[in-house]
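Novice: Listed below, chain by chain, are the residues.
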Amino acid sequence: MQRIGVFVCHCGTNIAGTVDVKAVAEALKNEQGVVFSTEYQYMCSEAGQSLIKNAIKEHNLTGVVVCSCSPRMHEATFRKTAQSAGLNPYMVEIANIREQCSWIHKDMEKATEKAIILGRAAIAKVHLNAPLIAGESPVVKRALVIGGGIAGIQTALDIADAGFEVDIVEKKPTIGGKMTQLDKTFPTLDCAACILTPKMVDCAQNEKIKIYSYSEVESVSGFVGNFSVKIKKKARFVDENKCTGCGLCTEKCPMKKVPNEFNLGMNNRSAIYIPFAQAVPKVATIDPDHCNMLKNGKCGLCAKICTAGAIDYKQQDEIVEEKYGAIVVATGYNPISLEKYDEFAYSQSKDVITSLEFERLTNAAGPTSGKLLRPSDGEHPHTIVFVQCVGSRCSADDSKGGKSYCSKICCMYTAKHAMLTREKYPDTDVYVFYIDVRTPGKSFDEFYRRAAEQYGVHYIKGMVGKVIPQADGKLLVQGSDLIANEQLKINADLVVLAAAIEPDKSARPLATMLTASMDTNDFFTEAHPKLRPVESPTAGIFLSGACQGPKDIPETVSQASAAAAKAIGLLCKDKLTCNPCVAHSDEMMCNGCSQCANVCPYGAISYEEKEFRMPNRTTAIRRVASVNPAVCQGCGACTVTCPSGAMDLKGFSNRQIMAEVDAICR
Amino acid sequence: MQSRMIERAKQLLADGTVNRVIGWKKGEFAYDITPAVFESAEEIDKDFVYDDFCGHNLSKYLIKESRKEGKLLAFLKPCDTYSFNQLIKEHRIIRENVYIIGIACDGKADAEKIKAKGISGITGISSDDDTFTVKTIYDDEKISKSEVLEERCTVCKSRKHAVYDELIGDEGEVNENSGRFDMVTKLENMTADERYTFWRNELSKCIRCNACRNVCPACSCENCVFDNPNSGIAQKSAATSFEENMFHIIRAFHVAGRCTDCGECSRVCPQNIPLHLLNRKFIKDINELYGEYQAGVEDEGRTPLTSYTKDDCEPSIVNERGCK
Amino acid sequence: MQINNEFKPKIVAFCCNWCSYAGADLAGTNRLNYPADVKIIRVPCSCRVNPMFILRAFQRGADGVIICGCHPGDCHYTSGNYYARRRITLLFSMLDYLGIERERTRLEWVSAAEGAKFSATMNEFVETVTKLGENKRLEDLRCKAE
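In the order they appear, the protein sequences are chains V, L and Z.
All residue numbers for the first sequence refer to my numbering, where the first residue is 3 and numbers rise by one.
All residue numbers for the second sequence refer to my numbering, where the first residue is 22 and numbers rise by one.
All residue numbers for the third sequence refer to my numbering, where the first residue is 25 and numbers rise by one.
Fair warning: there could be bad hints in the mix.
As the list claims (entries may be wrong) - Result set (BS3-like, lysine-lysine): computed pairs, CA atoms no more than 27 Å apart in a straight line:
id : chain 1 : residue 1 : chain 2 : residue 2
1  : V       : K507      : V       : K476
2  : L       : K207      : Z       : K160
3  : V       : K612      : L       : K207
4  : Z       : K141      : V       : K108
5  : V       : K232      : L       : K331
6  : L       : K89       : V       : K652
7  : L       : K89       : V       : K612
8  : V       : K306      : V       : K316
Please keep in mind that the hints were generated in silico from the structure rather than gathered at the bench.
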């Protein structure tokens, strides 16, 4: 028989405002096995916790029920409290009377009655709790960073700096990500390449960092501290170790009409290419879709001229398997496709471009060598209209693929674009159509005001309704000015759309492999939106950069370092304490039928032939299941598959759950 | 048939291929037959019988028998072989220890149905095509098979053996149009009230003798969940109407995807509860929702409930295309 | 005896720890009301919900049972909810076959971000079950008499 203590928390007025906490404590006192019951203002406070500790000692409690906020909030707190008083931490159960009671009910009587029932259910469960002892598993002291943009680079550098080995997997031929395509960065206007490329080089030169460029994660198995990852190194048909990056092959390659993705298709590259001059690794890659040699065996020019002998047309995809203790996701973002935005004539006119395309047009390494020229005729544009919130802040069921969230970075980069245009080309009229200008960030609002006030950018509150290409090559922009309350018509030379950003398409399948959860927009969800913003709910998976939500560079870098710190915290440990709430098989009941192993997602169940003593001094050899507690994650799929009930889950046993059912239905 | 089986059994015993034979043994009455293990030609001569009353599925006995020393000869009817495969899949039978002779089957007679026709003093049975000849202490009675076949035989799903080492008699075929789901469909088309009344009438007859559980080849647990004190539902006998429901729903659920529809549960039920209608409902649902599946066709692989596809229907499908 | 218009149903909700329980917490955080008749039992995954639990709830007088889990594809344990979906579908179909009102059982996928969906689902479910009235078909009269 358990000796149970019940502790009802007021949570200030959060609970006590709608639940009569005294009545709850009083009612639960009469439950079987309850020897102590009390309420207190803040059970999670130090005073509250010592109240629990004292009661455990004073009343020789064998079980504790805390009626408080969600166990997702403070279960760990109260388990530690019990442990410090000498009680097994798994003898604590939480009745959630805040999130699932006081906060949703207004009627005091009903809420109190429900709180009592929830308390009873927790008491009924504690009666069947058994002390659990957590096992331990070792930690592989190596981290994997998926994605080699600024987020992944920063995380990798920080982890390496702490002395741990770290691998970066980047699907493109070079690391660097979106930031390599940017010209200047707000609000300080330093050049992106100048601040990024040294970090890329650091990565390449760091002994602790290994870069898998042009590679993708193929599969992930294992669990925190012990992930096993298969990485597919896509065939680049160039031996990375031999290629010196001289670039001769890219010059001689006859296939020169391949749209250059680095410049967003605004110019061409050759079939064998190095994405840009500062690429890391600076190694050529053959595009198999365009290479004549790979497509029909004719050409072979690059192999002939390569003095290093690096070209290898027979190269195959290679699968590498590595073990990691921690995985950091840094898959980043992409601008959404604007194909369906016909009102802005994006597909109809070459002179309607996205902001990222505008970045390339103003970049010295871009298709126009940094001169701002219209894509259609190469003329200097004199009137430029910037349109903000294209695809951002739409209704949730937007038919054009617009997003309901704010993309966060567009206000600032548009201010940057407008300002830089006005600075370089003072003869240009610049209009910015906006819904709101959002500038929360250090020196951000000052930056925007400088654009509007000092640089004479025309900020117009309102949306553009239509962009109509004219016969003379101009673009008629029709929009409304909500402040002046008038319709505007502007004859523009160039229209720049601030396209919403969305998570990279590779994120969704990756999340499935990692069993990490995502929100409806395919951004990774954090373990807690405020308190654990860089961790995924899946242990050992950390989030870096825009894969978790739209972010600018300063924010990305700080989050990347935060994710690194969390990963380092994990890698520092020699051993991890396992979740003791795992499945276990009662050998006397087990049939060895293998159904449980069939449904186990972790391969935690194995079988052995065991000898059993039977009646009348006989023995029998039976096949029975056994669970590896370090591998089992405690989902319970096996328990329901098991017909004899031999398989049960510690902490959520059949009898415990049924006791809760009984208490609720009583 | 019986003489060919006896002859072959003796041969296999004599040449040492097997050291035991499992078959059927005469009881006090002609229809009172029990499964039995024979260890010698003499025992076989004395008691071995195979006739139209030998309905018992011998596969379940092989769980224990195949774990004993030496190889065993088992005579399996087509439907028994499905159970055999399913038990192999679940690692319950040691295949190497069993020599299977598949025996053709034209359907077994239900002694209860014969007796209900007022025939008594039964001493034997024989059959040709569609007639049973029941020998009695009075006269021989001829009855049309369709009138007194066991229910499962009237809707026989397969005369083809799923597995065998050798065959006696002709190999039959799978019957795709057995009509075995007709009664399930009929029930589905009743109103909820009618269905409730039907099942309440049937299940309330249950005396929890556990015969269905004990005979069922899928109910092969070392210890039944209803006898497992840690399951939270252990019960010796049904004390309330709910527990009758509970026992039969859980039992049907536990064998769902594994039940080969051998029909033993209904055959042995002393209260004549049509238990097969619960199992067949699951089989029908599985066929319709997750693709045709016959347990026991194969001896490896997953069952419908231990596999899934990402595009499986949602449970709300029950609202859309469930019963009336 | 209770009069039907005062009838307060007993509803047991099984919520998976990772999505739906968090969704229920979010409903609380956002103060999205739903009737106090709903009592939640936390399970690690929807695949932990044994049909025995559902039947037991009905046996002990529950008027409705709802199971909530992560959306297909989002299971914390990758595949748990897929297994749960098959099991629960077949069980619901069987209960329907036995003549138990199918509106008394429900499965709903609720993510950790869907506090509003959780609340709306519970409101709807309670309303449906309230309309059906007391569960007379599957309860243990012995346990109910107090």
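Novice: Look at each hint and say if it fits the structure.
Specialist: Going down the list of hints, with the structure as the test:
At most 27 Å may separate the alpha-carbon atoms for a hinted pair to count; K507 of chain V and K476 of chain V exceed this at roughly 35 Å. Only pairs whose Cα atoms come within 27 Å are accepted, and K207 of chain L paired with K160 of chain Z is accepted, the gap being roughly 24 Å. Simply put, K612 of chain V and K207 of chain L have alpha-carbon atoms about 48 Å apart, too far for the 27 Å limit, and the pair is violated. Using a Cα cut-off of 27 Å, the hinted pair K141 of chain Z and K108 of chain V holds, with the two alpha carbons roughly 20 Å apart.
With a C-alpha separation of about 23 Å, the suggested pairing of K232 of chain V with K331 of chain L holds against the 27 Å cut-off. As the CA atoms of K89 of chain L and K652 of chain V are separated by approximately 36 Å, the hinted pair breaks the 27 Å bound. Among the hinted pairs, K89 of chain L with K612 of chain V is consistent with the structure: their alpha-carbon atoms are about 16 Å apart, no more than 27 Å. Of the supplied pair hints, the one linking K306 of chain V and K316 of chain V holds, its CA atoms being roughly 15 Å apart against a limit of 27 Å.
The earlier numbered hints that this structure contradicts are 1, 3 and 6.
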